[in-house]
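Visitor: Everything in the sequence shown is counted per my numbering, starting at 1 for the first residue and increasing by one.
Derived from the structure by calculation, the hints contain no laboratory data. Cβ coordinates follow ideal geometry from the N, Cα and C atoms, glycine included. Relax, there's no trap hidden among the hints.
Ranges between beta-carbon positions, derived for each pair:
(1) Met-65 to Leu-27: 47 to 53 Å
(2) Met-1 to Ala-21: 28 to 34 Å
(3) Pro-66 to Met-101: 30 to 36 Å
(4) Lys-49 to Val-8: 29 to 35 Å
(5) Ser-162 to Glu-81: 16 to 22 Å
(6) Lys-99 to His-170: 17 to 23 Å
(7) Pro-104 to Ala-21: 26 to 32 Å
(8) Glu-43 to Gly-130: 16 to 22 Å
(9) Arg-44 to Met-65: 32 to 38 Å
(10) Ile-59 to Ser-142: 22 to 28 Å
(11) Val-33 to Gly-130: 16 to 22 Å
(12) Ser-144 to Asp-69: 15 to 21 Å
(13) Arg-166 to Met-65: 16 to 22 Å
Restricting the straight-line Cα-Cα distance to at most 25 Å, the calculated cross-link-like pairs of lysine to any residue (SDA-like) are:
(14) Lys-122 to Pro-67
(15) Lys-157 to Pro-64
(16) Lys-128 to Arg-62
(17) Lys-99 to Asn-159
(18) Lys-77 to Leu-94
(19) Lys-128 to Asp-69
(20) Lys-52 to Thr-134
(21) Lys-77 to Leu-143
(22) Lys-48 to Met-101
(23) Lys-57 to Pro-67
(24) Lys-57 to Glu-145
(25) Lys-128 to Leu-143
(26) Lys-49 to Cys-86
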Amino acid sequence: MAMIKTFVLGILLGMCLPLLAGYLFILLGGMPVTTTDAPLPFERYLAKKALKAAMRKEIGKRAPMPPDDTNLLAGAKVYREQCAVCHGLPNQPLGAIAKGMFPPPPSLFSPDEGVTDDPEGKIYWKVKFGIRLTGMPGFHESLSETELWQVSLLVLKANQLSEPVRQSLHPALTDAEGTLGK
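Work out the full structure, taking the sequences as your base and the hints as a guide.
Guide: Here it is in structure tokens:
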């Protein structure tokens, strides 16, 4: 009987010690919390696995509209107003906000970092719901369903945009109201 009690006590202690060590690690400031800290071991791996599982059912979703210039121009307007501050504009360096983020936001018009090879449902999911602990907000409460799809199609087609759509993304151009880069 004493051997069983010792065994059970050992199991309980074996379960509690790692929890206590983790709590102390956080409490004593060992947890990386700044944007310049390196991620914990397995942090990226676990975050990517969780993200893939969460968006699995949306990946095959198709846009309810064509990626024509009308929708891409509307998507460009949304992108300039909501996305460019973090993800940048074509042929422009990322701004100060993007440089201070961790993980750094991808430059969506860069051939190396863009999402043009992602399924449109995956892009739409990221725009709609955001990605926790990355700085990527979800726009489901601030953009209409149509706007969510238009901006998703814009970044999907980022390397195939017509000249009018590309020009609408240029920061020095003005729109019909005469406001800069709006």
